[in-house]
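Start from the sequences, fold in the hints, and give me the full structure.
The listed protein sequences derive, respectively, from chains P and D.
Counting from 1, one number per residue, gives the positions in the first sequence under the UniProt record's numbering.
Counting from 1, one number per residue, gives the positions in the second sequence under the UniProt record's numbering.
To be clear, the hints were calculated from the coordinates, so they are not data collected in a lab.
In this text, a Cβ means the ideal position worked out from N, Cα and C, and glycines have one as well.
Any given hint might turn out to be false.
[Unchecked claim] Distance ranges between label pairs, derived from CB positions:
id, chain 1, residue 1, chain 2, residue 2, range
1, D, 251, P, 283, 41 to 47 angstroms
2, D, 265, P, 262, 30 to 36 angstroms
3, P, 38, D, 259, 46 to 52 angstroms
4, D, 256, P, 250, 54 to 60 angstroms
[Said to hold, decoys possible] Capping the alpha-carbon separation at 25 angstroms, the derived lysine to any residue pairs in SDA-like fashion look like this:
id, chain 1, residue 1, chain 2, residue 2
5, P, 37, D, 293
6, P, 37, D, 305
7, D, 138, P, 121
8, D, 138, D, 124
9, D, 58, D, 31
10, D, 138, P, 128
11, P, 37, D, 85
12, D, 42, D, 62
13, P, 37, D, 299
14, D, 98, D, 227
15, D, 58, D, 94
16, D, 138, P, 124
17, D, 138, D, 62
18, D, 138, P, 127
19, D, 58, D, 107
20, D, 138, P, 145
21, P, 37, D, 301
22, P, 37, D, 132
23, D, 106, D, 288
24, D, 138, D, 290
25, D, 315, P, 41
26, D, 162, D, 124
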Amino acid sequence: MSTVDIFKQLASVNPGEALYRRLVTPEIEALFARIPKPVGSFGYDPWGYNENAAKLAVGIFRWLYEHYFRVTAHGLEHVPPQGRVLIVPNHSGQLPLDGVLIGYALATNPHGPRAARAMIERFFPTVPWLGNWLNAVGAVIGDPLNCSKMLEQEEAIIVFPEGVRGSGKLYKQRYQLQRFGNGFMHLALQHRAPIVPVGVVGCEETMPSFANIAPLARLLGLPYVPLGPLLPLPARVYLYFGEPMVFEGSAKSEEEVNARVEQVKERIRELIARGLKERQQIF
Amino acid sequence: MPRSVSHKKTVLVTGAAGSLAQRVIARLHDRYDIVAVDFRRKVETDAGIPSYKVDTYKRGFEDIFRNHRIDAVIHIGRMFAHESDRQRRYNANVLGTKKLLELCRKYGVGQVIIHSTYFVYGASAYNPALLDEDAPLKASEVTQDLVDSVELESLAQIYLWKYPELHITILRPCNVLGPGVRNTMSLLLSRPVVPVLIGFSPLMQFLHVDDMADAMVLAFEHNRPGIYNVAPDDWVAYQVAVQQCGCRRLPVPSIPPVLPKLISNALNWNAFFPPYLINYFKYPVIIDGRHFRETFGWRPRRNLNDIFSYYRKAKLLA
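Right under this line is the structure:
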């Protein structure tokens, strides 16, 4: 081979492309080919989801899922392979890692992969890069109109009804469900969407928070700033997907909605209790 | 008085010098008598189409209604921010439309099509996607320079509910692009180097000007008064669109938020990247065009690639 050829070959190596190929393996490509998700001519959907970005995210999070948190998922067969559904887990661990791990579990579900959507806080779109990236991998701001239109388009949506009350709670309150917002139940009733309850065990131990540094949080405009480890600890995470719960009819009062939300909370409590009982080791 | 003797309906088209209006006129003129008006210049048109240079908010405008029996008005004419100062623009866009609607009442015009814009929804970080026609119009929250767009809309809506005999149809299209289009987005994508905000690439919708002309003609001929978003079922991120149009990206610092506005002001980017539209290059305003598509059975016939390839080719020829 002449020197010129060697140079030509070197010039054609694209490190970005090579890295992309290493992360987005043929298995991931095959998974996405099975996902029932309509996109436009450039691979986008109206909420900014982008197929290529989602593939890349699955490639990156695989390491986190399999090697760092060593996640075990039970009951994935309960997630319907298509059609509208609300995935409702408990929220914990300061960072929304539970959402990431559930999203990965759903995207790689052997019983039928789904590109799940997650509802996120409203300040994210104002953060450069992060806002676009979150949209590209499927997250959208938690506006009821978004949720409603997504259900009409048969999407799978991850909702944390506890919101920051759940993720920001202290270590001493671990595995205690905080107050649930009722929005998800209204949407489920309105659009006749089944609810898949999820118990997440292990995320509480990834980032135990001993106090909330409230003045700093106020200063930064964040909901909370935990006093605890700076990076998530490698705790084992267990996901328990429950059987879909279908609520018929429309609620006549907020009290009736509350009663149904209580049923969902009760199911999640049972799933968490099962997870805690079956857990052999935390790390 | 040269009253029309034919049995054809007479349609007044404003903004006749623009490429959208010319396409609408071309589609209508064998079936209707057209009267073309524009505030910029007297438009050269086919034989048999009377053409006037007139400001809609001035008195001379009424003569057109006196001299022709106008049956319908297609109001496309709009003064862009780069064409004049805020005061004159307000006069032309808001007071001009008010005058036009008043004349429509006075002379018994039976149908009015108003060409609005998706800008009226306002670009905010809190926008949900797929905005319906009943979403609040928050553009004036973003900037005073869009107050005229929102007021024009509100005015048209008041007339829509108050005077149903005018049969008003308000169309809110997404970004309209294509040969001859001189709006902000089209001027922007015609440039070799295009500003983009660092870290922001909002999702956008684009429509070919020929498809928009088809949509206007459909809305006119089917006459189903109301408010409609006009947009395709396809979406693309701004920075991808910029590259697809063969433009090179010029990264502009996006934080703090006032910085890109200062830069745009200082470099006089008013025609293609104006300070008051910065937010539209930062946050998505995605509208739901389903209501229009289903009511009128309309589908755009040109896809995103058809739209972008025009800008790509124009650059290669330059």
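- Query: Between residue 162 of chain D and residue 124 of chain D, does the CA-CA distance stay at or below 25 angstroms?
  - Reply: Given pair residue 162 of chain D, residue 124 of chain D is violated - Cα atoms ~31 angstroms apart, limit 25 angstroms.
- residue 37 of chain P paired with residue 301 of chain D [C-alpha distance capped at 25 angstroms]: With a Cα-Cα distance of about 23 angstroms, the restraint between residue 37 of chain P and residue 301 of chain D holds, given a limit of 25 angstroms.
- Straight-line alpha-carbon gap residue 37 of chain P to residue 293 of chain D, limit 25 angstroms: This hinted pair holds, its Cα atoms lying about 22 angstroms apart.
- If you draw a straight line from the CA of residue 138 of chain D to the CA of residue 145 of chain P, is it 25 angstroms or shorter? Judged against 25 angstroms, a Cα distance of about 16 angstroms means the pair holds.
- Item | Agreement of residue 37 of chain P and residue 85 of chain D with the hint, judged by alpha carbon distance not exceeding 25 angstroms | This hinted pair is violated, its Cα atoms lying about 47 angstroms apart.
- Message: Hint check: residue 315 of chain D vs residue 41 of chain P, CA-CA at most 25 angstroms. Holds or violated?
- Response: holds, 23 angstroms
- Is it true that the C-beta distance of residue 265 of chain D to residue 262 of chain P lies inside 30 to 36 angstroms, as the hint says? Because 56 angstroms falls outside the window, the suggested range is violated.
- Message: Hint check: residue 138 of chain D vs residue 128 of chain P, CA-CA at most 25 angstroms. Holds or violated?
- Response: holds, 23 angstroms
- Given hint residue 62 of chain D paired with residue 138 of chain D - CA-CA distance at most 25 angstroms: Violated - the C-alpha atoms of residue 62 of chain D and residue 138 of chain D are around 33 angstroms apart, more than 25 angstroms.
- Query: Regarding the pair residue 58 of chain D and residue 31 of chain D, is the alpha-carbon distance no greater than 25 angstroms?
  - Reply: Cα-Cα ~30 angstroms, so violated.
- Message: With the threshold set at 25 angstroms, check whether the alpha-carbon distance from residue 42 of chain D to residue 62 of chain D stays at or below it.
- Response: The hint holds at about 17 angstroms.
- That 54 to 60 angstroms hint for residue 256 of chain D and residue 250 of chain P (C-beta), does it hold up? Distance hint for residue 256 of chain D, residue 250 of chain P is violated at roughly 47 angstroms.
Hint compliance for this structure: hints 2, 3, 4, 9, 11, 17, 23 and 26 are not met, and every other hint is.
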